[in-house]
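Protein chains in written order, with our numbering: chain A, 1 to 132; chain B, 1 to 275.
I should point out that these hints are in silico values taken from the structure, not numbers from a laboratory. These numbers come from a predicted model, not from an experiment. Each residue gets a CB set at the ideal place from its N, CA and C atoms; glycine is no exception. Be careful, since some hints might not be right.
Stated by the list, open to error - Simulated DEER-style distance windows between Cβ atoms:
hint : chain 1 : residue 1 : chain 2 : residue 2 : range
1    : B       : Arg-212   : A       : Ala-52    : 35 to 43 Å
2    : A       : Gly-98    : B       : Glu-184   : 26 to 34 Å
3    : A       : Gln-116   : B       : Glu-272   : 36 to 44 Å
To be verified - Residues from chain A shown here face chain B by an in silico Cβ test under 8 Å; the list is partial:
hint : residue
4    : Leu-9
5    : Gly-114
6    : Leu-118
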Amino acid sequence: MAQPIELILVRHLAGRLALPTFLVDADGRLVFYNEAAEPILGRRFDEAGEMAFEDWTSVFAVRDERDQLVDVDQIPLARALLTRRPVHVRVAITGLDGSPRALEVSAFPLEGQGAQLLGAVALFWESAIEEG
Amino acid sequence: MQVRLWGTRGSVASPGPETVRYGGNTACVEVRTGNAVLVLDAGTGIRQLGASLRGHHGRIDLLLTHLHLDHLQGIGFFEPAFRQEIELHIWGPPSTTADLRQRLSRYLSPPLFPVRLRDLGPHVLLHDIPHEPFRIEDATVEGQAIIHPDPTVGYRISDESGTLAYLPDHEPALGAPTFPLAPEWTSGHALAEGVDLLIHDAQYTAAEYPARVGWGHSSTEHTWAFALQAGVRRLVTFHHDPGHSDAQLDALVEELQRRDGPEVVGGTEGLEIAL
Numbered sequence: 001m002a003q004p005i006e007l008i009l010v011r012h013l014a015g016r017l018a019l020p021t022f023l024v025d026a027d028g029r030l031v032f033y034n035e036a037a038e039p040i041l042g043r044r045f046d047e048a049g050e051m052a053f054e055d056w057t058s059v060f061a062v063r064d065e066r067d068q069l070v071d072v073d074q075i076p077l078a079r080a081l082l083t084r085r086p087v088h089v090r091v092a093i094t095g096l097d098g099s100p101r102a103l104e105v106s107a108f109p110l111e112g113q114g115a116q117l118l119g120a121v122a123l124f125w126e127s128a129i130e131e132g
Numbered sequence: 001m002q003v004r005l006w007g008t009r010g011s012v013a014s015p016g017p018e019t020v021r022y023g024g025n026t027a028c029v030e031v032r033t034g035n036a037v038l039v040l041d042a043g044t045g046i047r048q049l050g051a052s053l054r055g056h057h058g059r060i061d062l063l064l065t066h067l068h069l070d071h072l073q074g075i076g077f078f079e080p081a082f083r084q085e086i087e088l089h090i091w092g093p094p095s096t097t098a099d100l101r102q103r104l105s106r107y108l109s110p111p112l113f114p115v116r117l118r119d120l121g122p123h124v125l126l127h128d129i130p131h132e133p134f135r136i137e138d139a140t141v142e143g144q145a146i147i148h149p150d151p152t153v154g155y156r157i158s159d160e161s162g163t164l165a166y167l168p169d170h171e172p173a174l175g176a177p178t179f180p181l182a183p184e185w186t187s188g189h190a191l192a193e194g195v196d197l198l199i200h201d202a203q204y205t206a207a208e209y210p211a212r213v214g215w216g217h218s219s220t221e222h223t224w225a226f227a228l229q230a231g232v233r234r235l236v237t238f239h240h241d242p243g244h245s246d247a248q249l250d251a252l253v254e255e256l257q258r259r260d261g262p263e264v265v266g267g268t269e270g271l272e273i274a275l
């Protein structure tokens, strides 16, 4: 299915950024992450491919600052999509390679003409894991 | 479906002895189906089209791809806009900040133009392009956003005789690491897929493009790759660079015609094609 032009442009932009970037469509389907995000997520996008919302939210284990598993609807990207509001939080993500990483995440919804929800974007900053 | 090109030039009108065959008028294409009279864009070519419609009564639909001046400048010289007995529907891409009337009024008002849009009268009806395909008489029209600066759509128009795609200003290669990517990630692909006739931006040579990335237009190489991926039957090159002479355009078109793929036709002013 053809992607909205806004998603195509974001994907092209993300493909040129050194900032790890993750892109989902309006159904929450993971449609792209860039090369910079591959070390965080532990696998190349070309290998992982697109994933349904249920799949990527279960594959990438997300924990909060208290090391508690984050509910699916509280995962930053899901929250931005469901609430149509920006989110900025610290989390730890265990990617497809099994390695946990401490991250700061900014996620925001993408709205197009007529306030149509098109998807959401998450940007990652890797930070040192704080010893408790 | 009958198609006639009234203006093929991009960016700015460029009359002169070197541009006689491809033409100096900016974008305007007439499309006739069994019942519909469709006008694609209102570049300077629309003035002569308007004069040719003096015997027409009833409805005319003007479909604007975007509001850059080379696609709008002729609207104040389109006779049907001043004929109260004509029902003139003007369609344009939606913006997030202002409706079509507000945005058209920026040009159709002093000091840029002496006649105000509101002075044209109630026979002029304005519409934002719907997100879904819609009907105009016996034609099915679909407008989708494509890559070009500012809100811009391309059109796919079908009737019982065939399908036309019109993407006069389009830079699908912008930002793509390789071009083309998969069809679902290629701007405009769904509009052009499998059409009988594609009228597409072919403004630059491959050598010119790198210095003009982001200006919203295609090189002939990108145009070819786009048409090939979409599986179109016939490609008409369009939106010619104002600096390109007839001889230069002939050479670009002939180079494409030597390749295996869609039939390639140089978009010359006055060209008529029947589907």
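Is it true that B:Arg-212 and A:Ala-52 lie within 35 to 43 Å of each other by Cβ? holds (40 Å)
If you take the shortest Cβ to Cβ gap from A:Leu-9 to chain B, is it below 8 Å? holds (7 Å)
Does the Cβ-Cβ separation between A:Gly-98 and B:Glu-184 fall within 26 to 34 Å? holds (31 Å)
Outcome for the supplied range 36 to 44 Å, where the beta carbon pair is A:Gln-116 and B:Glu-272: This hint holds: roughly 38 Å between Cβ atoms.
For the restraint on A:Leu-118, tell me whether the closest CB of chain B is nearer than 8 Å. violated (11 Å)
The hint names A:Gly-114 as touching chain B; please verify it with the least Cβ-Cβ distance against 8 Å. holds (7 Å)
Comparing the model with each numbered hint stated earlier shows that hint 6 is the single one that does not hold.
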